[in-house]
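Student: Which chain is which? The protein sequence lines are V and A, in order. The first sequence runs 15 to 127 under my numbering. The second sequence runs 4 to 118 under my numbering.
Treat the hints as calculated values from the structure; they're not laboratory data. Worth double-checking, as some hints may not be accurate.
One side of the interface only, derived from the structure: several residues of chain A facing chain V at Cβ under 10 Å [stated by the list, open to error]: (1) 14; (2) 33; (3) 47; (4) 107; (5) 108; (6) 118.
The beta carbon of each residue, even a glycine, is placed where N, CA and C say it ideally should be.
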Amino acid sequence: SQTIHQWPATLVQPVGSPLSLECTVEGTSNPNLYWYRQAAGRGLQLLFYSVGIGQISSEVPQNLSASRPQDRQFILSSKKLLLSDSGFYLCAWRWGQNNSPLHFGNGTRLTVT
Amino acid sequence: AQKITQTQPGMFVQEKEAVTLDCTYDTSDPSYGLFWYKQPSSGEMIFLIYQGSYDQQNATEGRYSLNFQKARKSANLVISASQLGDSAMYFCAMRTLRNNNDMRFGAGTRLTVKP
């Protein structure tokens with residue numbers, strides 16, 4: 015069976031510090047990978063997605079970036095965090111079929127102080 | 004443009020009763036999929052049920068069923084025999100064939116099951 019791991023679970027970082035959130039998927043190959051952000055009490059906003067190694071698509075302009083160095087690894091980064099980057103970050107994967115649902119990790123709660 | 008609307012910020016239901024959570028959507032793409040997710044207070048997003056735009060029958064998964072009314076562009080989630088563990092946020096989401104890497108989510112409905 016497939017599992018998705020996301021860490022850390024919580025993170026408190028000062029403004030201007032760098033960020034690295036990691037996500038890995040086990041039990042499948044060549045998954046589509048996604049980073050979402052959820053503001054408090056809100057729905058999810060798609061940040062990045064990847065359909066293959068080294069292929070990254072950005073959905074919203076921001077000071078975040080994503081990378082996919084390996085087939086089942088997806089990393090969300092920032093060189094300098096802003097207060098507005100606080101939120102709940104969720105990594106997800108799915109197969110390529112149209113009816114394939116997203117399967118989410120447990121999320122990272124990021125607080126920028 | 005794709006849009007998902009959940010008009011009920013919060014809903015209450017008595018344990019063992021059924022509840023309907025509303026979802027309407029808007030898209031010009033004739034091929035799309037509708038998804039419902041549950042988010043407990045712990046934060047993980049749990050996939051519940053899927054309905055394809057060309058599916059002739061309403062989807063069902065255990066106590067979850069989807070009341071799909073294509074002409075009205077609605078995809079309401081029905082939870083039967085509510086349990087205390089059903090208390091959570093529920094999100095409706097849509098993905099079109101044209102933008103099949105962009106799943107759009109509604110703002111969510113917080114369901115509280117009363118004992």
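Student: All the hints need checking, so say for each whether the structure fits it.
Tutor: How the hints compare with the structure:
1. 14: Result: violated, 15 Å to nearest chain V Cβ.
2. 33: With a minimum Cβ separation of about 13 Å from chain V (threshold 10 Å), the hint on residue 33 of chain A is violated.
3. 47: Because about 5 Å separates residue 47 of chain A from the closest Cβ in chain V, which is inside the 10 Å limit, the hint holds.
4. 107: holds, 8 Å
5. 108: It holds, given that the least Cβ distance between residue 108 of chain A and chain V is near 4 Å, below 10 Å.
6. 118: violated, 25 Å
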